[in-house]
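Starting from the structure of chain A, add chain B where the hints point.
Those sequence lines, one after another, are chains A and B.
If you count the first sequence from 1, position 444 lands on 443 in numbering that gives the first Met the number 0, and the numbers rise without skipping.
If you count the second sequence from 1, position 36 lands on 35 in numbering that gives the first Met the number 0, and the numbers rise without skipping.
Calculated from the structure, these hints are not laboratory results.
Check each hint, because a few of them may be wrong.
The calculated label-pair distances, taken between Cβ atoms and stated as ranges, are [claimed, not checked]:
1. Leu322/A - Ser30/B: 36 to 46 angstroms
2. Cys49/B - Gln220/A: 21 to 31 angstroms
3. Cys49/B - Lys231/A: 23 to 33 angstroms
4. Gln192/A - Asp32/B: 13 to 23 angstroms
Among the chain B residues that face chain A by a calculated CB cut under 8 angstroms, a handful are [as the list claims (entries may be wrong)]:
5. Ser10
6. Asp15
7. Lys35
Bear in mind the structure is a predicted one, so any value in this text is a computation, not a measurement.
Beta carbons: idealized from backbone N, C-alpha and C, even for Gly.
Residue strings, one per chain:
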Amino acid sequence: MWPFCWPVRQSSGLSNAVADPQTYQVDAVSAERAPTPDGERIFPSFGSFFYTLMALAAAIWVVLVGSAIPAVGDTKLGIIGFACGTVIGTALVVCSVALPAFRYGIDSIDISKASLGIRGSGIALVGLIVMGIGWAGVALALVARGSATLLANMGGDHGDVDERLVVAIALLLIPLFYLLVRHGLDTIRRVNQLAGPALLILACVSLALLWRRYGSDNLMQQNVPADQALTKDRLKAFAYAMEFGVTMALSWWPYMGGLYRFLRYRRHAVGPAILGGSLIGTTLSASVAALATVHLGSPDPVVWLVALTGPAIGPVLVGIVLLLSIPAICLLLYFVASAAQQLRSLARTPWNARVVVALAPLALVGFNTSWTLAHVVTVATFGSLVFISICGIVLADFWVLRRGRLDLPHIFVDGVEGHYWYKGGVNWAAMLTIAAGCAAYLYLYDPISLSARTAFRYAGAALPVMTGSALLHLLLMKLAPKARDVERRGQASPERAIVRVGL
Amino acid sequence: MTKVAQCLPRSSDPSDQELAARLNAWSEDTSGDFQKSLAPALIELGCWVCVAILLAGATVVWLV
Chain A
0 MWPFCWPVRQ
10 SSGLSNAVAD
20 PQTYQVDAVS
30 AERAPTPDGE
40 RIFPSFGSFF
50 YTLMALAAAI
60 WVVLVGSAIP
70 AVGDTKLGII
80 GFACGTVIGT
90 ALVVCSVALP
100 AFRYGIDSID
110 ISKASLGIRG
120 SGIALVGLIV
130 MGIGWAGVAL
140 ALVARGSATL
150 LANMGGDHGD
160 VDERLVVAIA
170 LLLIPLFYLL
180 VRHGLDTIRR
190 VNQLAGPALL
200 ILACVSLALL
210 WRRYGSDNLM
220 QQNVPADQAL
230 TKDRLKAFAY
240 AMEFGVTMAL
250 SWWPYMGGLY
260 RFLRYRRHAV
270 GPAILGGSLI
280 GTTLSASVAA
290 LATVHLGSPD
300 PVVWLVALTG
310 PAIGPVLVGI
320 VLLLSIPAIC
330 LLLYFVASAA
340 QQLRSLARTP
350 WNARVVVALA
360 PLALVGFNTS
370 WTLAHVVTVA
380 TFGSLVFISI
390 CGIVLADFWV
400 LRRGRLDLPH
410 IFVDGVEGHY
420 WYKGGVNWAA
430 MLTIAAGCAA
440 YLYLYDPISL
450 SARTAFRYAG
460 AALPVMTGSA
470 LLHLLLMKLA
480 PKARDVERRG
490 QASPERAIVR
500 VGL
Chain B
0 MTKVAQCLPR
10 SSDPSDQELA
20 ARLNAWSEDT
30 SGDFQKSLAP
40 ALIELGCWVC
50 VAILLAGATV
60 VWLV
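Bound-form chain A, shown alone:
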């Protein structure tokens, strides 16, 4: 099947499961962006994919989102709305980017090149890097501060956390991230086979303890005081909860392609994402955090887990939660280091060097964890706004305009001979749609202050903006024949039977 042996190197971001040093014939940087063949797809079972998606979803950041659910004013309504939102959002992300990535074995950024343009996909790349490093930084800050607080409490000190200890823990974690990420996705997958079930057990135990303490009648009935609720309008409260769920799911868009390109069987394309990523990883974990926050009065898991399980077991469980966030942080760093190959200056650098580049901002985070928690969430939130429109654009472009098919080699052609080459390498129709989508979203809803217009109560903001972006993209592509002409010219020319590809 293979004309010659592939230089799959153990140090590359690709699977090392099939690596064999004896097969190295080309001493080159492994073409990690190249389509993943069947033999290198490292998720051959439902469980392996399910636990990886669950570990990514149920990491420490889900506590941040979950603790915000009671703020809608009605906790039970909030959990139902959040569950609906995550399922719908996950389904859209799977349809938009994950299924194409599974089919063609390439990541989200390469998938987006057909619709955004070979160079226009840079906007998705920037979003991926900002979100990936941003959320990895936030998670590192949470883990470092949580661990320092835990250690201080165990030592009997309940005052302010020692900042030197926070810095020391953060700087100790960074080499650990390097060791995990440098071996590529397969090592992280193996760790997630332990982290996934552990997070599931932890969520179930926490829920059972909450159930036992507050009873089935009272557990779901507790709400925040009315003056602290975002709204008194129950329909708007439901829209808020759905918005939290949909945007949480949409934040997966840049990463889903990077995971699905390693999925082996079609029958595992939906179940693990909806059950593991959406319902258990996100909704169950966020619901436990929401119920604990509203009953125990603190969004901090260090506080509510100790209050729930007692001073003996609580700190151990908090330590496990913090420890289990490490594989998820490593997954984000893997995606950033892998996507960095899209940058021309880093395209041919060794995998280990790109891992170091991805880790460098985290060293700064280690010295500024409080600043990171205060500011980086905002930056990462705004960085993720582009993906609402991009999800709609890529979905409409792939399934409607291209009938579910891509000319794979042309994804790697950087020039006018490529099918996906628009003027200047950028599909300006898509850029206009993204700009309009971001403006419309911010008009409807401010994701930082959570203030929303009246129209928000009917369907939130993300779903209407995504639908509008998809329709506007289709309309502009119909009205922009020049852009399409450039694309069609390549398809019609017989001399294009041979293309020149490159990283």
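Then chain B, alone, in the frame of chain A:
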């Protein structure tokens, strides 16, 4: 699938050569599960979305 018969590396760089070789091999590989139709996955996704929309709709009806 593309009618491209062959992918050539854009430069003499080994990584471009490897990419071209992989793309050529990929287009010849018809045995992988990923080459099958995506329709069953789309139907399964549609079912999940319907369940979520029905739950959301029922909740809204209950609220209104």
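Comparing the hints with the structure gives:
no.: 1; hint: Leu322/A - Ser30/B: 36 to 46 angstroms; in the structure: holds (41 angstroms)
no.: 2; hint: Cys49/B - Gln220/A: 21 to 31 angstroms; in the structure: holds (29 angstroms)
no.: 3; hint: Cys49/B - Lys231/A: 23 to 33 angstroms; in the structure: holds (31 angstroms)
no.: 4; hint: Gln192/A - Asp32/B: 13 to 23 angstroms; in the structure: holds (22 angstroms)
no.: 5; hint: Ser10; in the structure: holds (6 angstroms)
no.: 6; hint: Asp15; in the structure: holds (4 angstroms)
no.: 7; hint: Lys35; in the structure: holds (5 angstroms)
Comparing the model with each earlier hint shows no violations; every hint is respected.
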